[in-house]
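K.L.:
Once you have looked at the hints, place chain B on chain A.
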Amino acid sequence: MEKTDRAAVYSAALTWSDIGSWNEIAMARGGDARGNAGRGRATIVDSSGVYAHVLEDAPHVAVAGLKDVIVIATGDTILIASKDKARSIDAIARIVEADREE
Amino acid sequence: MRANHWFEEWMVERALPLWSTRGIDRAGAFHEKLDFSGAPHASAIRRVRVQFRQIYVYSAASLLGLCKGGDALAFRAFERVRELAWSPDGRPGWVHLLTPEGAVHDAKRDAYDQAFSLLGLAWLHRAHPDPSVKRAIDETVAFVDENFAARSGGWWETVDQDARTARGETQLRRQNPHMHALEAMLTLYESTGDRSFLDRAREIYHLFAARFYDWPSNVIIEYFDADWRPASRARQRIEPGHMAEWVFLIREYERLTGENVDAIADPLYAKTIELGLDPSGRFLIDELMLDGSPSKRTRRLWPQTEYLKATLSQYRAKGDEALRQKGDKILTDLIEEYLSGEDLVPGGWIDAFDLEGGRVAKDMPASTLYHLFPAFVMARDLLARRSRRRCAARAATLASESGAQPQPAAQAPEGPHITPIILAGGRGSRLWPLSKPETPKQFLELISDRSMFQETLARVSDPETFKAPVVVCQADQAATACAQAAAIGVDLAGVIVEPEARNSAPAIIAAAIDAHRRDKDAILLATPADHAIRETALFSQLFANAVSAALDGAIVTFGITPTRPETGYGYIRAGAPLGVAGAFEVAEFVEKPDLAAARAFLATGAYLWNSGLLLFRAEDFLEEVRRWDAAMLDTLEEAVEAGKRKEGRTAGDRSDAAPPTLKLAEKPFARSPSVSVAMRSWRRRTAPPSTPRR
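Chains as they are written, first to last, in my numbering: chain A, 2 to 103; chain B, 17 to 710.
Read the hints as simulated data drawn from the structure, not as lab findings.
Don't take every hint at face value.
No farther apart than 25 Å at their CA atoms in a straight line, the calculated lysine-lysine pairs in the PhoX-like style are these [claimed, not checked]:
#, chain 1, residue 1, chain 2, residue 2
1, B, K452, A, K86
2, A, K84, B, K608
3, B, K452, A, K84
4, B, K662, B, K536
5, A, K86, B, K608
Among chain A residues calculated to face chain B with C-beta under 7 Å, some are [stated by the list, open to error]:
#, residue
6, R7
7, V10
8, Y11
9, T16
10, S18
11, I20
12, R30
13, A34
14, G76
15, T78
16, L80
17, A82
Here the structure is a predicted model, which is why all the values come from computation and not from measurement.
Here a beta-carbon is modelled for each residue, glycine too, at the ideal position from N, C-alpha and C.
Isolated chain B (complex conformation):
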């Protein structure tokens, strides 16, 4: 069995059920640890942070449909923890430790604990949106702002530290609570759509880039004085697990903000491996001195899950197949070493070994499930061989479980089935002085050493999914387009030349008409050529689910979660779920909003950026166009019909011959309106109800 399938079965069928039954006490709180047979250590002191880690795991598992009732269980634990650990002494904040009976064991207010409370609450807010959860988030954030925010940046370790420092007390500051504060802020932003959390995340990221990450040595500095000067060398330690954890977190930051983090993530990831691996080269060790000698002769389970998360997030960002294979290997080693053992209860693990491979752990701390769960989710999503059948089947199962109308999951055909239509006819001049009318931005090397047009071609080059692409551009751009495609070894199926510059709708419609004439079942993906998308290798995987919606007759747009109140983009408001995983009805298309509207969109969380990508069956799309504007369709059919065709090289032809070209007829084309497709669709929706429907 492949490692990711084994891991999925282990997590869903063994580990989650174990901790949701034997891992919970009668009052609904989580046990601190279990022994290897699965019996709870009922007398162990409980860390409040661990309660919230488990609340996170069961909220997320419930949201992903992996643990029925997980949200209710997490909510019950939250109610118990709130009763015991929030402000039991009349002062705000979550306390540090509880006794198994529920009394306060240590009332210290610790930054690390507050960060984990926010992570757990953010997920619970999504899975079980009870008003008390949102209230707890607000109270915790207010408490942190008031008591932990340090004038020197970041958070203090405990409350009253400004005053303590003024009295001359010294306490080392750690990067570690900030790592979890960043994680909490990113999660809160995703859960609530409240942009202020993204601003907080940005502040922490900047502190990380300026202080925690050491640019010359590429390691993470763990300990600091009150003004963020590194503590003495003798006190410093290197924790490879933390370095891996930061790689994962800043990649998440990149995903949500669009800020490129390569300059840190790449060298940090390389350094993690260089310094952190044990002699076998398979596992990260727990802790090193600055000179590279181990300061703890152990390797716990959690640094391995972080190593896997870091590797898979590097894979997601870079699309390098070697990283995927590496992730597969790390998971295989992790399973063999840490999750397998004759005496282990199903779903159990061995939490630590010494460097000679001897078992050190005496029990299973609950705290590690928080590391295993997200590693599992990433492995499931990123290590899976693409299997369209399985995705479609799962979408259908999800739909019927959630009570939505079960829809027949259309099966994507095997082999390449989508024809990309590359919209490369833009003439924008905002990137002057580099962009010129004959060489507009899409043909320039701006982001990488390839042009955005070439990057676009590369995204749709997966031969398992895509057929050869068709390019739509202007007459004076065709030669550039063909030369740039040839330079990266892409065979174009054809070029459609627009007689004059137009917005996207006429280009897409003309391409759809032409494609439909050749193949009544053609499935097209229309894509702009001047967008940047980081996840090149994963791009085609997007279509596993989306194509089944298209085969069911939908015209599929692709929405991106906004990260700022952008006034330069169009928005899509998502409506009801469609029963195919990830797909929603379009409630509304909105053209570029003003700043006030953009801020409001961001706050609601219901609006997505319109990426301009469109996936559809040509036949369905043209039928819709006829309903929107029959005259426009007729005009463009005429432009295709009367267009000038030039035969080009045939498939497999290795010469430099040009691809087949269709120059649209000028007169009818000139009559087509310059509009975008989203705009047309939106206008139709506001038409009077008497509009005839199919």
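So that you can see chain A by itself, here it is in the shape it has in the complex:
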């Protein structure tokens, strides 16, 4: 007698993503013909699937000959990681922050 169940699902025609990692941000930002995209001062050559996110206080980032990589540059940290690792950046962050404190 599941009729009494109150949960209903409404099928929504939305372009939706849960921004759980840098990969979703790269996807939401789109890309050029080779799947490269960037924000801020970045130069990407001979690469594909590269996402570079460069904050204003970070140095200029140049990427050559890489595939499926994310590069995140802030004033004090530069993260370069394979897109495969995007979902475990939180673990990497803990290691880095521990290193930093030493």
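P.N.:
Frame of chain A, contents of chain B only:
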């Protein structure tokens, strides 16, 4: 009468009935064209692609409840066409042309024809799921894979072209069949849930982005040599109608894959208008030379429908009101010019004019209905002024027609009626090094120049639907949340502070308790603040139907059609339809599955991504929570009761004063379990049948 209403009446009451009666021969196949009085050109040679275009139109019209028996009619045409046009010479593939009597007129196997067969079959598979239809899809796909797939990417124009090229024969390759192949693959994916079609669509999209779309000039290149080098300038033409068609198609690709296509769609759309309009500025012309001079001095009807589709898909993606108004204008012009004429049979059209406005068309080709029908569906869905009453009434009508239990369609109140609850207390650190505990991802400008929290506020800011929002977050995030809301001019109704990080359920329940104390009839929309949704302006329209389900007592979740076997999301399995359009029972909530399970979910087509949005009446929701876990409800009631309240600015106060704040009491809050709402509901369903029910 507004243009979209006129168009709806024209399509449903005139055009579909015309082509389903006078447009069909005795054996069940479609006529190639009618004259302006509606009489068939019975002797015209028939293009197989046109048969499938009509099969698409009547399958889709039947699915949308616009043409009773349309699916049976489409299936009968399919059976006739299969008998005549599939492999009549013992070789596989759909032939090109038939005589009116049914003999093969041209047995050429053409890529464009195969693409349209797949479009028609995909829709027929949905409307009339006979095993023979699925078999035809499988056979056609196998035939295309074996004979058309080119080593250089994409499809050949005809079979055996690899061998022909090896013999030194040259034949220009066109982007056009690929446009329709992409359309077919996206439709097949939506019809079958089979992800391999989405992979094929992605390959075609990449070919488009790398070859067909010319990045420097923003136009579509039409003709190529065997290795995808553009043909000589003298042979090139620009077709504004195709450019518009691609805008629409890549937006559909974006909708189904989540890949942002702005970088191409926006400049391509702008270029279509810049190059394509006739001197009156109202209509797209058929064809231009590269220097911009017309190479054909005509403007057909179909480029105008594509112009409308492109404009409305840009509107759907960008939410810019000016685009909606533009769509309305294009439709008005189209109706006045092409669908009106004293000598026209009702439901008829004038297919072409010259650039001076003289009528060129001598008859009505059936092929154009395929362009008009989807333009009509988009106009109906996107140009309509929101009318909740009408939606509710239509849902009730649909329910009674489909034989489902007629449900009293609850009426949404006029004026703002939904209070958004923004769940902004997350502390995720996967977006390190940008995200930090005090500035987690939802407060960062990652996707646009606004934070995801601000984008979330913007989605629920439509004053016709939403009241002022309440934010739930941690103590050290409250100042950021208030400042970011103020920066985009949003007045918060209040802030609820969680004493420690928890999953979504305690936050939603606490907010519901607080809202219910103020207003026994409160309707809440709980929304995460770290999701990206492209359709900002259309977001509130979602709730026209959904709110009537909530008013009927449902706790409404929102499911998204998955586009990949994602293991990071929760899923919802949809059950039986609920009689309110678009709403289904929840058969099951599934937390993040492993890859094998996610692949299986994708293959069945019955599973949706759980977007985390929840719409409900606070009273109904709290009643459900009591049934799930009365102790948790008591605990959170205590946390609200004993919470510390700080008065804030009142409504309309223009000062920078903080909104009213409720800090939940620490001790009871700490006892609440860290769970998500979906998980609780799912657990309850697996409880023994003796669980007392209301």
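K.L.:
Where does the structure disagree with the numbered hints, that is, which hint numbers, in rising order?
P.N.:
Of the numbered hints, 14, 17 do not hold.
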